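Quick mapping for you: the protein sequence lines, in order, are chains A and B.
Under the numbering used here, think of the first position of the first sequence as 1, with each following residue one higher.
Under the numbering used here, think of the first position of the second sequence as 1, with each following residue one higher.
No lab work stands behind these hints: they were computed from the structure.
Fair warning: there could be bad hints in the mix.
What the hints assert, rightly or not - Below, computed lysine-lysine pairings styled on DSSO-like, alpha-carbon distance capped at 27 Å:
no., chain 1, residue 1, chain 2, residue 2
1, B, Lys574, A, Lys729
2, A, Lys113, A, Lys285
3, A, Lys7, B, Lys574
What the hints assert, rightly or not - Pulled a few chain B residues facing chain A out of the computed Cβ check, cut under 10 Å:
no., residue
4, Ile45
5, Ala79
6, Gly210
7, Arg274
Treat the numbers as computed from the prediction; the structure is a model and nothing was measured.
Ideal Cβ positions, reconstructed from N, Cα and C, are used throughout, including at glycine.
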Amino acid sequence: MLFGRTKKNPIKLPDKGVVEWKYAACGYCSTGCSIEVGFNAEGQAVSARGVADADVNRGKLCLKGIFEHELFSTAGRGTEPLARDHYRDQWKPIDWDSALDRLHDEIRRIQAKHGRDSFAIISTGQMLTEEFYTLGKLTRGLIGTNNYDGNTTLCMSSAVSGYKRSFGSDGPPGCYEDFEHTDCLIAWGSNLPEQHPIIYWRLKEAQEKRGFPLIVVDPRVTMLAQNANIHLPIRPGTDVALQNALMHVIFAENLQDDEYIAANTTGIDELRAEVEKWDPRTASKVCGIDEDTIRVVARTFAQAPAAMQIWTMGINQSTHGSDGVVGINNLALITGNIGKPGGTSLSITGQCNAMGTREWSSCSGLPNYRYLEIPEHREEIAKAWNIDVEFLPKKRGMYQTDIYQAMEAGRIKGLWLIATNPMSSLPNTARIRRAMEQLEFCCVQDCYVDTESNQYAHLYLPAGTWAEKDGVMTNTERRVNRVKPVATPPGQAKPDLWIFNRVAERFNKEGRVKFPEKASEIFLEMAALSEGRLCDISGMDHDFIEQNRGIQWPYTRQQRERGEPPPKGGKRIYTEPASFSYPGGRAKLIPLPFVDNNEQPDEEYPFWLNTGRLIEHWHGRTKTGKIGNNNKFSPIPFIEINPDAAADLGIRRGEYVRLVSRRGDAIAMAQPTHRVPYNMVFLPFHFHDCANRLTLGLLDPHSRQPAYKQSAVRIERIEDQLHAARLSKEMRKF
Amino acid sequence: MFPRRENEPEYALLNDPVSRKVNRYGTPIETVPEDDPRRKQPFVINGEELPQQNPNRYKQHGFYFNADNCIACHACEAACSEKNDVPPHLAFRSVGFVEGGSYPDYRRINISMACNHCDNPVCLKGCPTRAYTKFAEYGAVLQDPDICFGCGYCTWVCPYNAPQLDPVKGQVTKCNMCVDRLEVGLKPACVAACLGKALDFGVIENVPEGRVQCETEIPGFPRTDITHPNVRFQQMKSIQREMVRVDQTPVKYHRAEDEKRYEPELDPKKGFRRQWNWKKLLGSHENAHIAFTLSVQAVMGAFALVVLGGWLGVAPVAALQGSEAWLPLLGLLLALMVFGLFKLNMHLGKPHRFYRGFYNLRLSPVSREIAGVSLFFAGLAGFALFNLFDGAWAQLARNLFAGVALAGMAFGGYYMYRLYRIPARPFWDHWHTGAAFLGTGLTLGSLLVGLTALAYGALAPALARMLAGVASLGLVLEAAGLVAHALAMRPARSEGAASWYEQVTTFGWPYLLRNGLLLSALLLSGWLAFHGAPSWLFVPLGVVALASAIIGRALFYVLVIPTTMPGAFFWRNKGFVEHAREVGLADMPQLGVAYERHHPFRFDELWETIRTTSTKEKWDQLRRIFTG
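Start from the sequences, fold in the hints, and give me the full structure.
Here it is as structure tokens:
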């Protein structure tokens, strides 16, 4: 006590009175952080902290995780099932039994009337793996529609497709520990500090220790780009041209790893023939990166003892998304950078359990990376589930994006939407509205009743969220982690697993197919199905996973029985020679001819529209838009616009502007910044009735993922700013 | 005690095996000497007395910020708000941006800033209620909301926007250095949460592992000479000559001639269009200050005029004292004082805690102002009372009270001016503030007397000439101050230039109108000073001078731009806060913008305090006004 004070005031610090901490893996992104939720004596969730001995996050959390305990009490939660005849009618509460009967009856009615596949089911990357598995069993085994997909088509489909094409299977080969061993890192269209802050922290820790070069490919000067050793401000959608040129230099300068290529790959001659056409000068005219820089990057990458590539939506959300992933894999393969410490091609995944749905949901095939197209896989699963093998389709059905186009064309008549919100998340909102309007029946199952897609629903089923449920999730580095039901869903809301099991009862009257009630039992069923496969989880169970703060797959029954503990981290796949998933164990080198089919800025629509994510928000903001200490950092939509362009258009900082594309218009507040070039605006996609009113979303031919990041818009100054403010405000309820 | 886990990660642990003896300003880092009795005083957090576990407990600690590494992930802010249960519209720690360059040669610097627990805590010195304490433990500057009465003066004087005035609760709260974590060897929550390897903490002047610089300046960080803040920086990566703020504040930072420091200067973000903005000008939370300062200055001016005039035997004043206007005039002065004090008190976040305004008489100009003005009010009231009586004893009492009032006026009036000479508010920190206050006293004071006399037919030409002369003097003084002020602010290398810019743009028309009114008033009063007639001219003169004074004082409050940290585009952007309130976005609680509001006078709480405070404690409180 200084400054002559004679009385020492007692110190009063806020104390939340936590009496118990409960474990759960985070439910936002795919980093897979372990969280402890703190409960006070009254049993309210009042606090959250990172689990100190979890290898992924080592006690850290990002701002979303720090406030994740507030999720349980956010506004807009659904507390009772609701029903109505027409989407324009008022909702009426309905009991669970009637609601589930109605869902069953409508599915069967529509299938009877319009055919088995006229009813579509679209799920998510947000649920728990046991829920995905159960929904897959229900859909593939009992309901029998082939138009079943997840919203992972909007984020990870290109990565899945690229991994399958290159390696013969989905499954990211690397891990976070690779940062600690790498000698060169290329980040393709990935803004880790904003999208995956904890992975960024791991990267930064490693980089401060070892100082490896960081090369960032991004048209925008993100925080990662500005801190990179080399920033390549690439022209949107032209990554494949750059990749071809990098390979051209590597081959021209004989920097490839011939031994690795010979032992592990097929298709080198075709690849060489294609990249021969892509000398740096030719490529520079396409991708906008000068030829000298291309050479420097190629040499830096190829000469590094271990080089690593990561990517996110900058690659995936493009008409060349799948090709971009294959290009990254090609680069890794020709330099021998797969399956070794610090040498990998690691897709930084989006949603918390995007990996879980890829592994277990049966959306794109059958459980554990099995294919519908392979008869043995169908037979294995039919036997395991006790269903007729002929009931399974022989080819996967439509992707989510194609389902919506079919819905628009009147071929899909009924829809069950689970924990996803296409009204905000699919490109070209106007078309999505028209598609939804035409449905004979739509059931929305979501933890939020105010999810915008509910506007077109006839039945609403209130679900639990995140740690109101029991199960596991898989993260970017293939780590299976536990989510425990630390809270109970509000009102009559139920965990998704409960809902699926109740729906299953209605399709499974004679009880032929077994649907275990408890997540831990389901996990054991899955573990058994995984034995001997790439994604082998047979050595794990719920308690063991929690004890280890998550376990990376593969971890086999044999390892467990031998008493071999799972490693804390650092587990890779494809570490042995010729161990890829294609028959024969060789990965494919695939030539990538490049045709630029993006919508390009022109005289009428002179700006690139680049969309992306903000650190403080999660997807459609149904969660973070209601948590003040997240939402306040960007509560309304804005664009980053180059100050010179703003000046030419007469737009001042903080003014609302109108963005117009060939699809529609949107209002956003202008933030002039030199983060973006003169002919580009960046618009966060989180806000309902905003970015996706503008996006074209051309589909990738392989992954059917929309090109969210390459559209053309014009920008109009708005004279009546108060009116614009009113419109902007009306367009979002939170 | 903060529940420390067994397996706290290394990055969260305090690590200061050695430290320096004195800091760069020559202040010992040991807050109190080895054998000082203050080391023996109990350290109590939340009712729990803690034994000393941290060997560095009695050393000044501070934050270390590596500006090269901050990625603006907001984890520090979130961790702080989570631990301290801070509502969305407040933050003990905030991240703001400055940026520079052209695409793609562009760089943004993110600045994460909380309280700097300064060597010279101007908040502690300014706070009238003694809510602040600088503890010998860690040198932490802590504030107690239970003592605070919500005047917000600490938020005026702090250059870093550290104290947070909560418009909802009507009290200030701020960073508490997580002293509970320090006690168990942990770094503060914000530091432990940092994801960019940017934020660190330890004994001041210690440089964290892997860092080389230990600077006190980065672009956008306010000047350090005011408070000697306990924060150190690293900023090694090349940045542009000019770094701009992304919030609406028309300030940018330009590399100084020494090629090292960055100085704030004007960034005319909205062009030079002149606007009215009446609503913003007259609808601000500072209205109470306009009412208080104008009425108290007018009353003081009038009182000084009539009392000193009487004592000096000035004939027109003596005549006035004998006239019918005399008692109504005194009544009017009293009424105006009551009005001013009422407005001032009711703008507090906790008006029922008004009595705490004297508590920091030893350090705070606000306490001294309040004490002086209260003394003046008491003197005025006594003077007025004894004007109701005749006789020698009444005469004596009148003079006695008048003397008390004049003493209170000198003391209170001086500190009313002093309290605005805030280095962190360059627009106020100029002699024109004094000229304006004194000028207002002379002008409105004499017009108050003149108009009252006129109403009672007691405005003799001699009195009119004298009063108009004094009013003219006041107007000339104010005008001279304004000219000098504008000339000084326009080219200033400080936020003063931004205030000047707002003066000629956002409030460009009211500014011109006020200058016109001031000039008109001067012409009228000049005419009257020479001619003394027609006396009715006092009416338009009064109206014009009052309008000029109100607009001028409103401009004084609305234009000030503190030397705070740069904001972000939404968060900590005053422009967005105003917009959100204007268009109703602020209705959404999760937006992080709360409306300004008035707070009731809670008699129940006042009574509860009186009832539950022991006589001894009351006596001690009184004693500590003088002993500290």
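Against the structure, the hints:
1. B:Lys574 / A:Lys729: 19 Å, holds
2. A:Lys113 / A:Lys285: The given pair, whose Cα atoms are some 54 Å apart, is violated under the 27 Å limit.
3. A:Lys7 / B:Lys574: At roughly 37 Å apart (the allowed maximum being 27 Å), Lys574 (chain B) and Lys7 (chain A) break the hint.
4. Ile45: 5 Å, holds
5. Ala79: 6 Å, holds
6. Gly210: For Gly210 (chain B), the interface hint holds, since the closest Cβ of chain A sits about 6 Å away, which is under 10 Å.
7. Arg274: This hint is violated: Arg274 (chain B) lies away from chain A, its Cβ roughly 16 Å from the closest one there, beyond 10 Å.
Consistency with the previously given hints fails for numbers 2, 3 and 7, ordered from lowest to highest.
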